[in-house]
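Engineer: Chains Z and U are the protein sequences, given in the same order. The opening residue of the first sequence carries number -19 in this note's numbering; numbering runs sequentially from there. The opening residue of the second sequence carries number -19 in this note's numbering; numbering runs sequentially from there.
No lab work stands behind these hints: they were computed from the structure. The structure displayed is predicted, hence computed values, not measured ones. Please note: incorrect hints may appear among the correct ones.
Here are the simulated EDC-like pairs of lysine to aspartate or glutamate, each with C-alpha atoms no more than 20 Å apart in a straight line [to be verified]:
| no. | chain 1 | residue 1 | chain 2 | residue 2 |
| --- | --- | --- | --- | --- |
| 1 | U | LYS(-1) | Z | ASP76 |
| 2 | Z | LYS183 | U | ASP92 |
| 3 | U | LYS(-1) | Z | ASP92 |
| 4 | U | LYS(-1) | U | GLU136 |
For reference, the chains in residue letters:
There are 2 protein chains.
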Amino acid sequence: MPITPAQLDGAMAWRYATKVFDPSRRIDAVTWSALENALVQSPSSYGLQPWKFLVIHDPGLREQLRPESWNQSQITDASHLVVFLVQRQIGPAEADRLITTMAQTRGLDPADLATYRQMIDVDLIHGPRSQQIARWASNQVYIALGTLMTAAALLEVDTCAIEGFDPAAYDRILGLENGPYRSCVVCAVGHRSDSDKHATLAKVRYPASELIEVR
Amino acid sequence: MPITPAQLDGAMAWRYATKVFDPSRRIDAVTWSALENALVQSPSSYGLQPWKFLVIHDPGLREQLRPESWNQSQITDASHLVVFLVQRQIGPAEADRLITTMAQTRGLDPADLATYRQMIDVDLIHGPRSQQIARWASNQVYIALGTLMTAAALLEVDTCAIEGFDPAAYDRILGLENGPYRSCVVCAVGHRSDSDKHATLAKVRYPASELIEVR
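Isolated chain Z (complex conformation) (with noise of 0.2 Å):
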């Protein structure tokens, strides 16, 4: 059944990046499993899901990595602390892996998707896009944040992306150094503390006369 548009509007007004997360209050499993489902299922360009979500809940890891990320409490606070990694690379092992988990999931010969897997080597692997590829994967990883905020809203789960954070020593700190994924982005997870004075002030937007032009 799908939600009324007066609850979207409601849960866009109702969020904003929480400062202060309560550190009692934990996001019930029910609720965080929806929310991980919507990362797994998150879209990304050619379905080539370059990215992989690491929920931080060892409170000492927590603490290495808040002075990495300009001491923000939310780090240590957050009911849940989402690292999303991205991959270094996009190669023929990645559309492999892609081409592979199609055909398994259609019952497919790998063979019938041929041309799907030609479309990627033309266009990403060695096309010109290739050139850019880091910016391309970076680009799909912040789709799956962009869902993971807004279902989040949807049932009333705070979240605080965050960018200022150190990842080269996110990376040493969770052993991500020789591996096929970065650290590139961070969200805390979790609710709202009642003292948080950034709570009630009034949302910061453009005028949707300057965002949105019709032609």
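Guided by the hints, dock chain U onto chain Z, whose structure is given.
Structural biologist: Below, chain U without anything else, positioned relative to chain Z:
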């Protein structure tokens, strides 16, 4: 009132990258208004909103854009076509625009926001991230894209994000070449056609056990 986790799961399962839109089915005005509002309210780093959203209704323009989009039928057939634009530069003028709007919205003196302004300066305009400001800016646009696709699915509105287009041709056709924005990504929005065989294909996702890792 929040939605239920099951509604979120259902919407994520229902959505797919729509290949064939029903050109006779329009998005009703109330629903579109909520989706437009979701774009306007989308979060961005520092709240800088380095974007603009062109909604292309003119059939002649759509006809011109289609051959520059791998001739994909969604360009002409979807109820609404959104071209996401991104700012070419993030400099002092863009920071000033935000600070001015923030001061007006919250009834503050811009001088009260000097620290915030300086953070933007040090981080984005002159700092290390200024080297990759184009990537930073397009990442923000993809948050708005993820927001739109997720919100639409919850309203049972179909979408198809389109990266397969010629940005230079779009910029020429849309008269953006000498302006502050360039075309970044496209999203067709509308209702699926009964003839779209992609609607019933199994969604291809890597298993959660590969995508989610708990630490």
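Engineer: So, for every hint listed, does it hold in this structure?
Structural biologist: How the hints compare with the structure:
1. U/LYS(-1) / Z/ASP76: 23 Å, violated
2. Z/LYS183 / U/ASP92: Given that 20 Å is the threshold and the Cα spacing comes to 17 Å, the pair holds.
3. U/LYS(-1) / Z/ASP92: Roughly 19 Å separates the two Cα atoms, so the pair holds.
4. U/LYS(-1) / U/GLU136: Judged against 20 Å, a Cα distance of about 16 Å means the pair holds.
Checked against the numbered hints above, the structure violates only hint 1.
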